[in-house]
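Work out the full structure: start from the sequences and follow the hints.
Numbering (my numbering), first residue to last: 1 to 267.
Think of the hints as simulated: they come from the structure by calculation, not from any bench.
Everything numeric in this text was worked out from a predicted model, so none of it was measured.
Beta carbons are placed, not taken as given, at the ideal position from N, Cα and C, and that holds for glycine.
Hints may contain errors.
[To be verified] Okay, derived cross-link-like pairs now, DSSO-like style, lysine-lysine, Cα gap no bigger than 27 Å in a straight line: (1) LYS193 with LYS234; (2) LYS234 with LYS206; (3) LYS117 with LYS193; (4) LYS206 with LYS193.
[Said to hold, decoys possible] So the derived label-pair ranges between C-beta atoms look like this: (5) ALA87 with ARG49: 25 to 31 Å; (6) GLU171 with ARG60: 16 to 22 Å; (7) ASN139 with GLY260: 29 to 35 Å; (8) GLU171 with ARG53: 16 to 22 Å; (9) PHE236 with GLY104: 43 to 49 Å; (10) ALA63 with ARG227: 38 to 44 Å.
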Amino acid sequence: MFLSALYRYPVKSGQAQSLEASAVDLLGLQGDRRWMVVEEGNGRFLTQRAWPRLGQLKARYGADGQLLLEASGLASITVPVPPADEALRGVTIWRDTLRVPDAGDVAAAWLSELLGKPVRLVYCPEQRARYLPSGYGFNSDRAAFPDGFPLLLIGQGSLDELNRRIGRPMEMLRFRPNLVVSGTEPFAEDGWKRIRIGDLVFRVLKPSVRCILTTLDPATGERSADREPLTTLKTFREREGDVLFGQNLAVDGSGELRVGMAVEVLE
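As structure tokens, this is what we get:
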């Protein structure tokens, strides 16, 4: 078994960035979902579920950590990392509320034009990160702006089996994983509790519950007319009303991951 792909998403619900290597810290892959778009009026988070145009947002990091934003029809901009304790804005992501720094008026105006509504861009410094959902992980575990957990792992064998059942290929990026592991049987990851990749140990916390976002083509933002892959997943991966695909992880310590590293199941 080996790590066959690494992805991060600098802005929540923005495009994926494929990586050959990444530093890993308390919040998962360094720079992953550290930024988020929220409604200007109430601070509630926005995602592709209701705003598919976010899927056309390309975000990358500059050499000094600044965020580079690009989208079709707009001139690209650079967004500096805001100070951790200044211009704080109250935001809501699912059931969590927190105060995080606002990225300023230039970024807000650019994203508001992209989406056609008043929005703000916010940033999550490590010291302002959220606790994990109740009952999962350790008290020391934190997450920035993913739906709930620092990392998502999917086995390539699981996607291959899903595609076989659907009868046509679905892109891995529909499921927005951070780590893809190859060389496993379909859904082998469901039985893992702890794994080691390189010098890092990861704890498998819970299956990932999938939603309508998986029906969006990651390249075009178009929704599948037949609601695939969700339709097929419901036929064999539904448990108590939740459709499950992939596993959420937390990491012990910090280090580096590189594509091609061996994956060892510890428990």
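Consistency of the hints with the structure:
Restraint check for LYS193 and LYS234: the C-alpha separation of about 24 Å stays at or below 27 Å, so the hint holds. A C-alpha spacing of about 18 Å is found between LYS234 and LYS206, which places the hinted pair at or below 27 Å, so the restraint holds. Simply put, LYS117 and LYS193 have alpha-carbon atoms about 43 Å apart, too far for the 27 Å limit, and the pair is violated. Under the criterion of a C-alpha separation no larger than 27 Å, the hint pairing LYS206 with LYS193 is consistent with the structure, at around 9 Å.
Between ALA87 and ARG49 the beta carbon distance is about 27 Å. The supplied range of 25 to 31 Å therefore holds. The given range of 16 to 22 Å is respected by GLU171 and ARG60, whose C-beta atoms sit roughly 20 Å from each other. A hinted range of 29 to 35 Å for the beta carbons of ASN139 and GLY260 is consistent with their spacing of about 34 Å. Range check, GLU171 to ARG53: Cβ separation about 19 Å, and the 16 to 22 Å hint holds.
Take PHE236 and GLY104: their Cβ atoms lie about 47 Å apart, and the range 43 to 49 Å holds. Our hint of 38 to 44 Å for ALA63 and ARG227 holds, since their Cβ atoms are close to 42 Å apart.
Consistency note: the structure conflicts with earlier hint 3 alone.
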